[in-house]
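This is what each chain is made of:
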Amino acid sequence: MSTAPQLVKSFNKKIATNNKFELIHVSLDRSSQAALAWAKQEKFPWVHVLPDKSADSGLLKYYKSFVPHYVLIDSGGKILAEGSPAIFDMLDEL
Amino acid sequence: MKRVFSLGNFICLLIGLAVIYHFHINKKRNVDVQAEINAELAELNADWVLLKAQQGEIEYAIQECNKVNKKRERLKAEIAEMQQGLLEHKAAIELLTEQRKTLFFEYRKQIREEAKGMRFAEIITPQGKTYVNVEIIEVRRDDISFRHGVAGSVSARGIAMHEFPSKWIRRFMYTEEELEWARSWTSADGVRTIYGKFKSYDEDTGVVTILEGDRKRSLNIDNLSKANRGWLENKVREGKAKEAAIFALLDKQVIGSKIKKGVLSKLDGDHFYDFTMSIVPDYYVVYYSSSW
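Read top to bottom, the protein sequences are chains E and C.
The first sequence begins at 1 in this note's numbering and counts up by one.
The second sequence begins at 1001 in this note's numbering and counts up by one.
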């Protein structure tokens, strides 16, 4: 089952309305077309790093070989939390 | 004469002297050893006093540490309480903001309902059209209908948001955001005007995108009036200044410096467009996933 609808809810509640936070989806699809098809289907409201740009984003070094994977990083690149529940709990405290 | 100093006596004397000497020497030696022991004892005593003092200091330090730890625990509890309080305040502010918004809309609804039958001797639209003896029929979200004219030639009509006189905008509480939908876009020759909300301007292609309700329209800047072009140029200047300030802050970040421009995309209907960062977040939630 897709985790995206729940994530969209959490995003709208805690991230979209707060300029302190940004959610970036790093697409691990093989092509931008596949990423686009999925984004259209789920109506993703956040920003994406498409497959051809992932190397430039500097975000692959935080990835841990499984999906979905969530990481909360501060602006200095320090990992603060991993996993969706831990991250969204922590956002309340930041 | 009897010999007093026989050999035996002599030996006894020698032994006696030796014993006396031995005792004397030993006594002297004992005195020296005693003195040494006393000195060592004095030293040990001094060390003992020092150690006692150090023990006292350590005990005092432990007591202080305990006090600090207790204080730390208290502060930790206080911080947790304050954090909880902050969360509650945040929730209360959000609730108040919502309530304020609701009250604004309720009040506005009431004001607009009470506007029915309101009379104005004269109104002048931004386009210069004058209506006299105006009586409001209805104030709606996007337009206002009214009767006007003198006895015998009374007629009714409605005007859209772009025609609202400024006093009506204030009185009937139209917001800046709503008024953005009434922005006018006039052709360079001044013949045609359409109304819509500014969405974007691509400086490279010169294409301006506006929204007329749900409908998107693309206009070429060269075909627009001088006023519109001036407004757009100003918008571009402001946008660039804002972007430069934001980029300067993002460049100080490990994450922001890499993603600020040319890396991110965002969905717009059925396609992705290049997304440029317009805020400086403190924290990034990175979501790795795929459609498969």
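These are computed hints drawn from the structure, not numbers from a lab.
Treat the hints with care, since some could be wrong.
[Said to hold, decoys possible] Quick partial rundown of chain E residues pointing at chain C, CB under 10 angstroms, derived from the structure:
{"#": "1", "residue": "Lys9"}
{"#": "2", "residue": "His25"}
{"#": "3", "residue": "Tyr62"}
Just so it is clear, CB atoms sit at the ideal spot from N, CA and C, and this is done for glycine as well.
Hint check:
no. : hint  : result
1   : Lys9  : violated (14 angstroms)
2   : His25 : holds (5 angstroms)
3   : Tyr62 : holds (6 angstroms)
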